[in-house]
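Protein chains: 2
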Amino acid sequence: MSGKASYDDLLELASAILAKGYGYSASEAGITATLLVEADARGIPSHGVSRLAFYRANLDQGHARPGTEPVIAHETPVSVVVDGKGGVGCYVADFAVRKAVEKARASGVCHAAVRDSNHYGIAGYWAEMIAKEDMIGAAFTNTYIAGVPTFGNLRILGTNPIAVALPEAGGRIFLLDMATTTVTHGKVELYDRRKKPMPEGWVVDELGRVVTDATLFEKGFYESNLGGHLYLGGAGEESGGHKGYGLALLVELLCSGLSLGASSLNTYPKGGNGGITHFFSAARLDLFGEPAELKASVGAILASIRESSKAEGRDRIYIPGEKEAEAREESLRSGVFLDEATRGYLKKLAAEYGIGPVDWL
Amino acid sequence: MSGKASYDDLLELASAILAKGYGYSASEAGITATLLVEADARGIPSHGVSRLAFYRANLDQGHARPGTEPVIAHETPVSVVVDGKGGVGCYVADFAVRKAVEKARASGVCHAAVRDSNHYGIAGYWAEMIAKEDMIGAAFTNTYIAGVPTFGNLRILGTNPIAVALPEAGGRIFLLDMATTTVTHGKVELYDRRKKPMPEGWVVDELGRVVTDATLFEKGFYESNLGGHLYLGGAGEESGGHKGYGLALLVELLCSGLSLGASSLNTYPKGGNGGITHFFSAARLDLFGEPAELKASVGAILASIRESSKAEGRDRIYIPGEKEAEAREESLRSGVFLDEATRGYLKKLAAEYGIGPVDWL
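Taken in order, these protein sequences are the chains called E and D.
For the first sequence, this note's numbering begins at 24 and goes up steadily by one.
For the second sequence, this note's numbering begins at 24 and goes up steadily by one.
Misleading hints may appear alongside valid ones.
You can't tell identical chains apart in this list, so a pair holds if it fits in one copy or across any two.
Derived DSS-like pairs: lysine-lysine, alpha-carbon spacing no greater than 30 Å straight-line [claimed, not checked]:
hint: 1; residue 1: 122; residue 2: 219
hint: 2; residue 1: 333; residue 2: 242
hint: 3; residue 1: 370; residue 2: 210
hint: 4; residue 1: 122; residue 2: 155
hint: 5; residue 1: 333; residue 2: 210
hint: 6; residue 1: 371; residue 2: 242
hint: 7; residue 1: 293; residue 2: 210
hint: 8; residue 1: 122; residue 2: 333
hint: 9; residue 1: 333; residue 2: 293
hint: 10; residue 1: 370; residue 2: 333
In case anyone wonders, no lab produced these hints; they're calculated from the structure.
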């Protein structure tokens, strides 16, 4: 059955599975488990502990190499290029973000480009980690191919998310964390299961034609790299699909282009390192003046939006990141929701690796 | 009649109108005229010399103050905050971008936040100006209110464009320059004139409801600040409208929030300075390694997109900025296109300010 788990119990279990089952070091397991549980706690189950299956597959297929230490390939006082050497994505990202924060603390700013990493969980976590240091934080990553450029029909770019975080008054953090695709693949799978037609602008078929039948689309999706997700704005240029594709391509250039790493199309080669690339940026808030004054300025803009007049039938305007921050608070208070399939999968893993007893599952 | 003008003739005329007619200094006139003519040359007439009317109105209404020098309000080796003091927008932007490039040349990176400026023309020009220095360039700006947040009905944010430029192999520059609204207001005006229904996702009415009748929408648009443009992704969350709104809000926080300047809602107060705010960023390419190698890496990704498989009925996938770069080349070769209304307006201004004879108009 589905139900709630305590944040700490879930973190401990995920960490034990990664350490005992997957052969991650204690540090690799701890940081990866944190990313997974944070996603579930924030109401983003697509990046939660159910991803343990994906991380397992990455191990089995030789894409990720636990126990591998990232190295610095190039650095200046305001930049660092990290080579992840095919290590654990969250561990590599943590290394790069810490390095960026350390350099930004000394120099004011740091950009970090990362190559040969793996999936690093939710991008927003890393941007927020930087913002907690009273810095403006940004995190980008390419991913396995998911989307089709405007006027194309081949999946050649990833979901290529953009995450930017700014400290706000009252200890809050503004966090925009968005895939540049219109929707994630999980949404399409949901429409398939419910036999519900998708809105136009989500995906195109193998000829690059807009398609709304999720079941038909899903069938073709795994047969070839033709057809795939559209980027924000949908098909063609009329409603700005070329802008969303442009954002995805920008993310690709920052991550893969500047790190000299694999582009989305070349990630996860058969038997080779996943090759995922990231880009992070940190800039101290006091570069622009007194931090308290700047946070108040950011807060005043956000307050004006929160208090702005609502559309018919609506009683709230959300600030990016608010829903997730509130879900997280609720999860810490009353537990992290796990659906039945995920609970079952965790139970299976715990039994398989001799972890337990896990009586709360 | 409509027709083409030589780039240099048009630049000279626009500059003369600004200097002789509007009282701009030679520098203010030169840089502003360049921005306007560059927009026409690139096929972006909404930001071309027809904007002379808007710049005139800004003068008449006391929003812009020619002859005012921007000052540095705060600086570090990697940042600068510029106070435009209500000066000419393009002149203020030019000052801030030059300062950012100068600091980035010395320190590797520079972020510049600008307050109390005015309209600075096409954002892409500034990002590209930075990229020409073998740097990654970014330019953001807020604008007069244009758009409505997801679930809102009040125009409270601008078109808040994002422009990012990266040097590519072969001397080319990747340039993404996009309003975060789905479309610009010029598109809505065009549909109004043609009595053509707009696609859903462009605008909402005064109650925040999706509306497709451009004539009806235009009528209400000037009566109050209710109703307005939607951001990339359209209405609601189903097709990602909250992401586009999130991007617009991010631009607002970077520009207005970090410069301590006016938010879009507070720009152009009756009789006061326009108060537009900008944000620029420059980062030397060699922060990440050998520039030639990085440009080749960026170029290889772009080549893979250009050469990728095309959708049914399409024979080309565009890289952001390519259409505009090609239009510019064509304009330099065979002249800059001006429509009849714009030619007539230029003639009127030339006569009014005693400039001429302008026999090519």
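To see whether the hints hold, each was checked on the structure:
1. 122 - 219: Answer is neither; intra-copy 46 Å and inter-copy 54 Å both fail.
2. 333 - 242: between (41 Å within a copy, 21 Å between copies)
3. 370 - 210: Within one copy only: 26 Å inside a chain, 56 Å across chains, cut-off 30 Å.
4. 122 - 155: Answer is both: 15 Å inside a copy and 29 Å across each meet the 30 Å cutoff.
5. 333 - 210: both (27 Å within a copy, 25 Å between copies)
6. 371 - 242: Within. Shortest intra-copy distance 28 Å satisfies the 30 Å Cα cut-off; inter-copy 63 Å does not.
7. 293 - 210: For residue 293 and residue 210, only the intra-copy Cα distance (27 Å) is at most 30 Å; the inter-copy one is 47 Å.
8. 122 - 333: neither (43 Å within a copy, 41 Å between copies)
9. 333 - 293: Intra 51 Å, inter 26 Å, cutoff 30 Å: inter-copy only.
10. 370 - 333: Classified as neither: same-chain Cα gap 45 Å, cross-chain 46 Å, threshold 30 Å.
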